[in-house]
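Protein sequence lines, in the order shown, are assigned to chains W and G.
Under this note's numbering, the first sequence is numbered contiguously, ending at residue 319.
Under this note's numbering, the second sequence is numbered contiguously, ending at residue 319.
These are calculated hints, taken from the structure and not from any lab test.
Computed from a prediction, not measured in an experiment: that's the story for all the values here.
Heads up, some of the hints might be wrong.
Same chains, same label: a pair holds when it works inside one copy or across any pair of copies.
The calculated DSS-like cross-link candidates involving lysine-lysine, where the alpha carbons are at most 30 Å apart (straight line), are [stated by the list, open to error]:
id: 1; residue 1: 212; residue 2: 248
id: 2; residue 1: 179; residue 2: 2
id: 3; residue 1: 179; residue 2: 195
id: 4; residue 1: 9; residue 2: 248
id: 5; residue 1: 2; residue 2: 23
id: 6; residue 1: 219; residue 2: 44
id: 7; residue 1: 248; residue 2: 44
id: 8; residue 1: 76; residue 2: 9
id: 9; residue 1: 195; residue 2: 2
id: 10; residue 1: 319; residue 2: 23
id: 11; residue 1: 219; residue 2: 2
id: 12; residue 1: 284; residue 2: 76
id: 13; residue 1: 284; residue 2: 219
id: 14; residue 1: 219; residue 2: 76
id: 15; residue 1: 212; residue 2: 178
2 protein chains.
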Amino acid sequence: MKAMILDEKLNFLWSDVPDPVRKDNEVLIEVHAAAVNRADLMQKDGCYASPPDWPQWCGLEVSGIVLEAPADASVKPGDKVCALVGGGGYSEKIAVPAGMVVPIPEGLSLIEAASIPEVWCTVYLNLMLEAGGMKPGDVFYMQAGASGVGLAAIQFAKSMGAEVITTIDSPEKAEFVKKLGADYVLDYRTEDVRKVIEEHNPTVALDCIGGKLMGDCFKNMVFGGRWIMIATMAGAETTINLETVWRKRIRLIGSTLRSRTSEEKCRIMQALYNDIFPLFTAGKLITNIHAVFPIQEVEAAHGVLRRAENIGKVVLTFK
Amino acid sequence: MKAMILDEKLNFLWSDVPDPVRKDNEVLIEVHAAAVNRADLMQKDGCYASPPDWPQWCGLEVSGIVLEAPADASVKPGDKVCALVGGGGYSEKIAVPAGMVVPIPEGLSLIEAASIPEVWCTVYLNLMLEAGGMKPGDVFYMQAGASGVGLAAIQFAKSMGAEVITTIDSPEKAEFVKKLGADYVLDYRTEDVRKVIEEHNPTVALDCIGGKLMGDCFKNMVFGGRWIMIATMAGAETTINLETVWRKRIRLIGSTLRSRTSEEKCRIMQALYNDIFPLFTAGKLITNIHAVFPIQEVEAAHGVLRRAENIGKVVLTFK
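The shape of chain W in the complex, shown without the other chains (with noise of 0.2 Å):
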């Protein structure tokens, strides 16, 4: 089969590959589609390895048609299905644990199913578990808004009643988030994000961006208030007042769905394929496809989440 590897000076290359061999408890899945993430960025740099285990090059997410199964799994030779991946889905085969593949939500094409499985994993990871839920009354803080993780983020949010602070740069995504029920939609370039932080304390955030702000943000959160770090797209430093954290006890949390074990991976895209996609296919959430790129334009699909141009998601295709 072909993929879509790294080679040793961390170029993109189209190349032959061995077909993946699958083990018992493994699908094995013709890739029809897999969407693009910051970690695939990160893997382009070379500094975000795949997990051992998994293949060596970008890819964290796929939709596909199943090839071959187990007999006791959930789904079968010729289903439409998704997968959470640990890396490796840019390419035309790939076998996956069982339990993290899931039929797609009825209703969706496979470059719609193939951007969900990551960034509403992580949603579900981090603002249901890592945080301890979400209810009416909290108030959730989430910059980026309009990246892929941000559109769920939101809506996953609102879903469950909360307030939304959320942060763009441009009119468009300012648009797109207000109407998905963001109800502070700030420009981070012109407006005063820690005022507004300050005068409506969260009581959870979710944080790919990091840098100063996060510092000068973080002492405003509610007591009680969890934030959760996923990334730290605007730097690693920051300064913190320890003093708030103990008397407000507020919560810092690192997380990563990468890193996370199989078994706890299943878990989630099980969770996901009973509690969320069934809002899919009932209309009550989106995903949005900013743009589709087949799999040789890799690195034009890649300069649009660089320059932080999109939407939602860009998808890959490799029929």
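Based on the hints, put chain G in the right spot on chain W.
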């Protein structure tokens, strides 16, 4: 009755105050001893008020004799007891929710018993509940190892099979914490704490110091490490590396005992009574009374803690 209140200018004043009126679910205690905690020093300085429903003067733990108790309480008039209280322990009598009052450990004096509730509840709360337990293989980092909470935390961690790294500021304190089993004992004034933390990555830290050193050490926690902040004696501001936080899935957990509900405090005191007190009676745990002062000499007692001269606890007596 008399109590050591704080006047308008935050001076101590041994004054007549109304006797406490016991509520149905409370135990009325004739106080024999009350131990001194750093929180008392902060309250004296005007920056750590008692929670509502508690007397607005110092004192977080007492021992004494039960004067009155609910019929269904596990203690009865005449019993020797110790109690965790939300404030107001520096007085001749105090009314406390029954669940926060337990018989003193067999074989211990009332003075020794007064020194147990606050530090041991802090240790149990943070190392068992907040840190999710401690087990062989854990590497526990505790600054101020010779403080009241330090001695308790070191003993607890060693009893759970953890390795202990701790800091002190005198040879006498070093000798004492070594006897309790601390594995790495560092004089933070002359030795390189950062280097030791870099070489022996902690899994759990209990930090009452904070300051610049916290940020320098925080990034060297192990994958999945939990750093619990309970005070910031060396300063509130620090610079942390957020990329380490998410990559290693580290948690920074702000924690106070005082702001917990009475229900939580009752649960913790009952857990101490069942799991920890028998170890005092068996001589497997010790409480170290550094000095005893009559309540009228409270200024001198506080002075010992302010100058960090103490190894273990300073106790005030009322009889």
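Now the hints, each set against the structure:
no.: 1; hint: 212 - 248; in the structure: both (21 Å within a copy, 20 Å between copies)
no.: 2; hint: 179 - 2; in the structure: neither (40 Å within a copy, 64 Å between copies)
no.: 3; hint: 179 - 195; in the structure: within (23 Å within a copy, 52 Å between copies)
no.: 4; hint: 9 - 248; in the structure: between (48 Å within a copy, 27 Å between copies)
no.: 5; hint: 2 - 23; in the structure: within (20 Å within a copy, 76 Å between copies)
no.: 6; hint: 219 - 44; in the structure: between (34 Å within a copy, 25 Å between copies)
no.: 7; hint: 248 - 44; in the structure: between (40 Å within a copy, 20 Å between copies)
no.: 8; hint: 76 - 9; in the structure: neither (39 Å within a copy, 77 Å between copies)
no.: 9; hint: 195 - 2; in the structure: neither (51 Å within a copy, 47 Å between copies)
no.: 10; hint: 319 - 23; in the structure: within (25 Å within a copy, 75 Å between copies)
no.: 11; hint: 219 - 2; in the structure: neither (49 Å within a copy, 40 Å between copies)
no.: 12; hint: 284 - 76; in the structure: within (28 Å within a copy, 60 Å between copies)
no.: 13; hint: 284 - 219; in the structure: neither (34 Å within a copy, 41 Å between copies)
no.: 14; hint: 219 - 76; in the structure: neither (50 Å within a copy, 46 Å between copies)
no.: 15; hint: 212 - 178; in the structure: within (26 Å within a copy, 41 Å between copies)
Of the numbered hints stated above, those contradicted by the structure are hints 2, 8, 9, 11, 13 and 14, listed in ascending order.
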